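*Asks:* Those protein sequence lines, which keep their order, are chains H and V. Going by the working numbering, the first residue of the first sequence is number 1, and it counts up by one from there. Going by the working numbering, the first residue of the second sequence is number 311, and it counts up by one from there.
Simulated from the structure, these hints should not be mistaken for laboratory data. Be aware that a few hints might be false.
To be verified - With a Cα cut of at most 20 angstroms, we get these calculated SDA-like pairs of lysine to any residue:
1) 516/V <-> 168/H
2) 265/H <-> 583/V
3) 568/V <-> 203/H
4) 273/H <-> 248/H
5) 475/V <-> 207/H
6) 293/H <-> 572/V
7) 159/H <-> 523/V
8) 258/H <-> 579/V
9) 568/V <-> 258/H
10) 265/H <-> 582/V
11) 165/H <-> 524/V
12) 293/H <-> 512/V
13) 516/V <-> 166/H
14) 469/V <-> 257/H
15) 165/H <-> 469/V
16) 273/H <-> 570/V
17) 293/H <-> 516/V
18) 273/H <-> 512/V
19) 603/V <-> 257/H
20) 516/V <-> 164/H
21) 475/V <-> 202/H
22) 575/V <-> 251/H
23) 258/H <-> 604/V
24) 165/H <-> 516/V
25) 165/H <-> 523/V
26) 475/V <-> 214/H
27) 156/H <-> 582/V
28) 265/H <-> 390/V
29) 273/H <-> 575/V
30) 583/V <-> 260/H
31) 258/H <-> 513/V
32) 475/V <-> 213/H
33) 516/V <-> 203/H
34) 603/V <-> 262/H
35) 206/H <-> 604/V
36) 568/V <-> 200/H
37) 265/H <-> 572/V
38) 583/V <-> 262/H
39) 258/H <-> 512/V
Treat the numbers as computed from the prediction; the structure is a model and nothing was measured.
Protein chains: 2
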Amino acid sequence: MSQKIGIVGVGRMGANMARRLKEVGYTVSAVYDVRTAAAKDLAKELGCEAATKLARITELSDVVITVVTDDKAMEGIFAKKGDSLLTGATGRLFINCATISPAVHVDVEKRAEAAGARSLEACMASSINQALQGTLYLMIGGRPEVFNRAKELLSKLSKDGELLKYIGTAGKAAQLKALVNMVMNINTAGLAEGLGLADALGLDLKIVMDVFSQTGANSRVLVTDGEDMVNRDHSCFFSASHAAKDSGIALRLSQQAKLNLPLAKATYGQYSKMTKLGLGELDKSGIAELTFKGRGAKKKAAKAKKPKKK
Amino acid sequence: MSQKIGIVGVGRMGANMARRLKEVGYTVSAVYDVRTAAAKDLAKELGCEAATKLARITELSDVVITVVTDDKAMEGIFAKKGDSLLTGATGRLFINCATISPAVHVDVEKRAEAAGARSLEACMASSINQALQGTLYLMIGGRPEVFNRAKELLSKLSKDGELLKYIGTAGKAAQLKALVNMVMNINTAGLAEGLGLADALGLDLKIVMDVFSQTGANSRVLVTDGEDMVNRDHSCFFSASHAAKDSGIALRLSQQAKLNLPLAKATYGQYSKMTKLGLGELDKSGIAELTFKGRGAKKKAAKAKKPKKK
């Protein structure tokens, strides 16, 4: 645990991972975010440096954990020129947690190795509370020997390794993560349709959810999102715009594989529509705003308050 | 239990309900099916009459349980003229279990009452093994006083009433049943897309299903249909053509309610496509034949053997 950890991207997930690692005894050396205020706040909280250059993160850290928004941000922090995590990166280990295109993970591994560093993808299938508690479900892609080197640290984030799964070489974990989110988003969009129609038919939604829970309509998202859909409580855990991005990644993989996936397409359409309607920052449960009568962009009451327990 | 029970429609569900009722001590007086051989076989097994006229079922029974295919069959057995269950129906109780349009249940209640009889809808959200074991999940629609009259018998089919739910007036249970199947079918179609894409990407499907089961992608259909999709074991529990029919009912309800449900639409499209491709008699898990590379109508190996335990 003498390793010094740097964190790049201190949104809800990254910040909680940093808190968790500090709590279990790691040294968080520095944090970085394009939103400099967020980095400063967290640095103050953790007593570390708020780096203003990516190269400074690399300089101060043995292991750098990255949790950025999308492919473009990921390519930016591992840029081949200009300010980059790759500067002076010899011997460093990069652990990349963002849900991005699998091909970008493959490319980052190449760039890291060319710089004398190592990289792993650690795709997360859990949410902010799990990050803080160190109970993330982590799917790992990369070289097995690099995984072994990172295992102790990753275990501290994944319930002492109980929720830590090695999936395959670079890109494979990201593929699986995209699939998890694709299926989750489909189930969420489908649930919103079922509850929306039940509401329009004047059925008691409590009974409807009870019946769903005891039949073939049951799903994890019924438990996590059903009530929120009914109550219009769309506090953000996993935003609609992230859902659109992840369904989009899976959809591109399906196109490359020449597979026709109409439900994935329809779901991507719905989440993209939310973004267009200005509802992208609602939780994914906010998709019910599209399927309940009288709801939607123009209506109020779709709450996007600060997160609560889920 | 001195009531005499007649059964109309002795497919997989109806036949097992008859067996169950006989086992717990009811008198099964007569059975009827348009496929006369099926009725004869079951009548022989149960030691009752294989009626060749619907009116004969009504004559021999206090309670008539109907489990027919679709709206048309339902309207046929309750025809206003010609051979009909309504002939001499005074005092009879009809319990209608088929998944059909809610409006037809409302109409059948009217017709039954005009003939001096009573009717209930008892929509089932379980499969053939549960019918035999008397552990069906039953959603009841109709008049509360008629429900009370039928409660003892219905309890014998629904785990001593533990799985017996009164939903509302005529048509309401059928609406909810259509919603259950709509959401179940969406989740099934979505799962088939996830597993099909995982397969095309060369991922280990055992790991994929394990990850799905522990994340937001989890669902009841992952448990019931996941392995069957991977193994192409599409022995029929709930056929693709029934799935198309039920998603179609829900879709019409949504159109009447002026709701746009793109996932329900896409799912209906997939199950309708199966029927068109001649795959309608496969289990609903057979939808994976549309999403796995190299599978489909022209390929062999999609088994539709006789049912096994599920």
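*Asks:* All hints, please: hold or fail.
*Replies:* Going through the hints against the structure:
1. 516/V <-> 168/H: holds, 13 angstroms
2. 265/H <-> 583/V: Holds, at roughly 17 angstroms.
3. 568/V <-> 203/H: holds, 16 angstroms
4. 273/H <-> 248/H: Status holds; Cα separation ~13 angstroms.
5. 475/V <-> 207/H: Judged against 20 angstroms, a Cα distance of about 9 angstroms means the pair holds.
6. 293/H <-> 572/V: With Cα atoms ~15 angstroms apart, residue 293/H and residue 572/V stay inside 20 angstroms; holds.
7. 159/H <-> 523/V: At roughly 17 angstroms apart (the allowed maximum being 20 angstroms), residue 523/V and residue 159/H satisfy the hint.
8. 258/H <-> 579/V: holds, 19 angstroms
9. 568/V <-> 258/H: Roughly 34 angstroms separates the two Cα atoms, so the pair is violated.
10. 265/H <-> 582/V: holds, 18 angstroms
11. 165/H <-> 524/V: holds, 11 angstroms
12. 293/H <-> 512/V: Judged against 20 angstroms, a Cα distance of about 42 angstroms means the pair is violated.
13. 516/V <-> 166/H: holds, 13 angstroms
14. 469/V <-> 257/H: Outside the cut-off at roughly 47 angstroms; violated.
15. 165/H <-> 469/V: violated, 40 angstroms
16. 273/H <-> 570/V: holds, 13 angstroms
17. 293/H <-> 516/V: The given pair, whose Cα atoms are some 40 angstroms apart, is violated under the 20 angstroms limit.
18. 273/H <-> 512/V: With Cα atoms ~32 angstroms apart, residue 273/H and residue 512/V exceed 20 angstroms; violated.
19. 603/V <-> 257/H: Since the Cα atoms of residue 603/V and residue 257/H sit roughly 9 angstroms apart, the hinted pair holds (cutoff 20 angstroms).
20. 516/V <-> 164/H: Holds: residue 516/V and residue 164/H sit about 16 angstroms apart, inside 20 angstroms.
21. 475/V <-> 202/H: holds, 17 angstroms
22. 575/V <-> 251/H: Within the cut-off at roughly 18 angstroms; holds.
23. 258/H <-> 604/V: OK: residue 258/H and residue 604/V at ~11 angstroms, within 20 angstroms.
24. 165/H <-> 516/V: holds, 13 angstroms
25. 165/H <-> 523/V: holds, 13 angstroms
26. 475/V <-> 214/H: Holds - the C-alpha atoms of residue 214/H and residue 475/V are around 11 angstroms apart, at most 20 angstroms.
27. 156/H <-> 582/V: violated, 49 angstroms
28. 265/H <-> 390/V: Distance ~46 angstroms between residue 265/H and residue 390/V Cα, so the pair is violated.
29. 273/H <-> 575/V: holds, 17 angstroms
30. 583/V <-> 260/H: holds, 13 angstroms
31. 258/H <-> 513/V: Measuring from Cα to Cα gives roughly 16 angstroms; hence the hint holds.
32. 475/V <-> 213/H: Status holds; Cα separation ~13 angstroms.
33. 516/V <-> 203/H: violated, 39 angstroms
34. 603/V <-> 262/H: The given pair, whose Cα atoms are some 15 angstroms apart, holds under the 20 angstroms limit.
35. 206/H <-> 604/V: With Cα atoms ~43 angstroms apart, residue 206/H and residue 604/V exceed 20 angstroms; violated.
36. 568/V <-> 200/H: Roughly 9 angstroms separates the two Cα atoms, so the pair holds.
37. 265/H <-> 572/V: holds, 10 angstroms
38. 583/V <-> 262/H: holds, 12 angstroms
39. 258/H <-> 512/V: holds, 14 angstroms
When each numbered hint is compared with the structure, violations occur for hints 9, 12, 14, 15, 17, 18, 27, 28, 33 and 35.
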